[in-house]
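Visitor: So the protein lines, in turn, are chains A and B. Counted the way full-length UniProt numbering counts, the first sequence spans residues 1 to 411. Counted the way full-length UniProt numbering counts, the second sequence spans residues 1 to 411.
Warning: the hint list may mix true and false statements.
Repeated chains share a single entry, so a pair holds when one copy, or any two copies, can fit it.
Straight-line C-alpha distance at most 25 Å; calculated SDA-like pairs for lysine to any residue [stated by the list, open to error]:
no. : residue 1 : residue 2
1   : K377      : D391
2   : K20       : E49
3   : K46       : A63
4   : K364      : D391
5   : K20       : E56
6   : K393      : D264
7   : K46       : D17
8   : K32       : P2
9   : K24       : G52
10  : K103      : R64
11  : K124      : H108
12  : K20       : S58
13  : K24       : T11
14  : K46       : E56
15  : K24       : L60
16  : K124      : R64
17  : K20       : A59
18  : K24       : D177
19  : K329      : T307
20  : K20       : K46
21  : K24       : E49
22  : K46       : S58
Note that these hints are calculated values from the structure, not bench results. Here the structure is a predicted model, which means the values were calculated and not measured.
Number of protein chains: 2
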Amino acid sequence: MPRLVMKFGGTSVANLDRIKRVAKRVGVEVAKGYEVIVVVSAMSGKTNELVGWVNETSALYDAREYDAVVSSGENVTAGLLALVLQENGIEARSWQGWQVPVKTSSAHSAARIEEIPTDNFDAKFSAGMQVAVVAGFQGISPEGRITTLGRGGSDTTAVAFAAAHSAERCDIYTDVDGVYTTDPRVTRKARKLDAIAFEEMLELASLGAKVLQTRSVELAMRYKVRLRVLSSFEEMSDNAGTLVCDEEDIMESNVVAGVAFSRDEAKMTLVSVADRPGVSAAIFGPLADAGVNVDMIVQNIAEDGRTDMTFSLPVDQVARAEKAMAEAKDSGDINFHDLIADTEVSKVSVVGIGMRSHAGVAAKMFEALSAEGVNIKVITTSEIKISVLIDRKYMELAVQALHDAFELETA
Amino acid sequence: MPRLVMKFGGTSVANLDRIKRVAKRVGVEVAKGYEVIVVVSAMSGKTNELVGWVNETSALYDAREYDAVVSSGENVTAGLLALVLQENGIEARSWQGWQVPVKTSSAHSAARIEEIPTDNFDAKFSAGMQVAVVAGFQGISPEGRITTLGRGGSDTTAVAFAAAHSAERCDIYTDVDGVYTTDPRVTRKARKLDAIAFEEMLELASLGAKVLQTRSVELAMRYKVRLRVLSSFEEMSDNAGTLVCDEEDIMESNVVAGVAFSRDEAKMTLVSVADRPGVSAAIFGPLADAGVNVDMIVQNIAEDGRTDMTFSLPVDQVARAEKAMAEAKDSGDINFHDLIADTEVSKVSVVGIGMRSHAGVAAKMFEALSAEGVNIKVITTSEIKISVLIDRKYMELAVQALHDAFELETA
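When you get a sec, could you build the whole thing from the sequences and use the hints?
Guide: This is the structure in structure tokens:
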């Protein structure tokens, strides 16, 4: 029988009434003939409570104990869902990570799944089990200690099970009903996508469309797991949500899939840096050490052996970056005339695998922004994405203009 | 190095401040040179919350899933205490039941501990571990499922670890400071006992002095584990609390150790029962089936082939008992003229291993009650206990009189 993985996040299992709704959805898939593996998160708020207690014990806590404590929330949900499924007449049982076992690395609180043997479930499904309820987010290290995969790790658990069991699909139930062409709060013309390619999803996710954990999408891409994102609060239907899949599985798509943005960016420019081999390392090394997440980087053509270096970063890291640069200058590691920070910028990006085969996307983007009088401060491009930094006050205007220009309202 | 087991109940670990107090107490024992095994319960209220959720899922829930859910509370406390101990500079780690492993029977939610291998801890203690924090109340079945030992099972976990590790002592920290000669609310003359024999403790515990789980005392008696009951809310001292130990370890003791009582008892009499072989089974079989906990049983001498059968039971089970007896009469299984229930009685008992070697304890007891005008309705005796049923209104008076008569105020 085909296998299906269903994953339910914290708000979907926040209390017993919601767990009962989840059980009904699972029952529908069982009735269709699937062998179902359900991956659950902790009831919403529970993990935060546990993390809060751990943080109270010590600033430098033992990550192994953190994992032992924090993983308990998922165990509760898994047991309760199994009980409700049984009450509905479905053969179900719960599995904690160590029982499967979900074998992970020893990198506690950020462990990577290394292997999920399938013989355990195979035998139980053959013996009549209809649903395996798995506590997400957790595994067991080679030393026999409990590990966790990091926040949002239940998505990764779900995809890993889908890959190991060659599941027909991995349905991620969440509190949004799919992936949109852009944030509907910025333009009401935003449209839910029926399908999106893994690569596009990765670019959109890392740009702030927080629907799926980036790691889970990477894993799905590697193992070609068909992911579906859908809402646990809407009626079920076969074409609900958004399918995240291999680009070959998308019959026809727009050149641009969506417009992403990041509101609170800053732009820093080191004016007149001595241009010598190793200068980039001298600049970005200290920034990385200071925990600054540099995003876009642009270097001007050098004149008279000096150049300007511009980069973007989250606006709340500007002070840290300025301190790191001042120290690097004082210690003589780098030399620059001035440091200019612009804290009133936003990043807007268009993303689409269609760009690979269609020329003129950049030109069309710049034209649309120009027509609205939006000045572009920095540009970076990748194979399937073009990003610009603009003044923050134009951000909504820019997103709306690009959404119109690439006709994202219509499929 | 000598090993010590310390067990902390739910109120002792109710929040992080209390867990920090617990860590200090553990630190004191570590400083004395003990290798310490700490057994913890769930933070108070947590287990009830989990049990409540399970009860909401189904009336006839799967006990395996109940155990998976309900055991999670202890895991949280164990991890948190290990973290606080580490913060105090102590080498500590937490262990869940399956990690030790605490091998139990498959009787989910009422499992019995079958084996606790010690090699795991032995190796870790040798490698520098100072404290093993064990999640109480749980184990693992031969099938690899999580089991629990039933409510209060953490006491049993602690004693089982003490037995397996030949611990010097097993200290049970609770919210009372020891075992008393009787309930201090009944007489202010009640005195805390420095030591009490296992057999006495068993009689006192089952009579309602709810300090220790009966099973844990039985286990301690079988393996000669020296138990100490003491309060986690008082200052530490070497002779705090009450030592529960083998009678040989008690140097000198009173003939009577304490006066126990059970307030809400009832007395039922089947009048003029046909006295034939098997009549007791015909009466008490249906009562057991109806869930009635019969305690004292007295049968009069038969006259003309008929007898009166009197027994005591908790007052809230009288209706059930009457129904069961009426049905048994209707079906012809037993035959009696009348059924009389007296719901206004209490049981008072004197308990002491000294009775074995001292005659006249019963006489002294009856004399003391008689001097106060207390009429005795039923008497039963065992080797170390004499119990009487009396009118409830005299209960406090009887306890006080017996406490005085046996001079329990003075050691």
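Visitor: Which of the numbered hints are not met once you compare them with the structure shown?
Guide: The structure conflicts with no hint, since it agrees with every one listed earlier.
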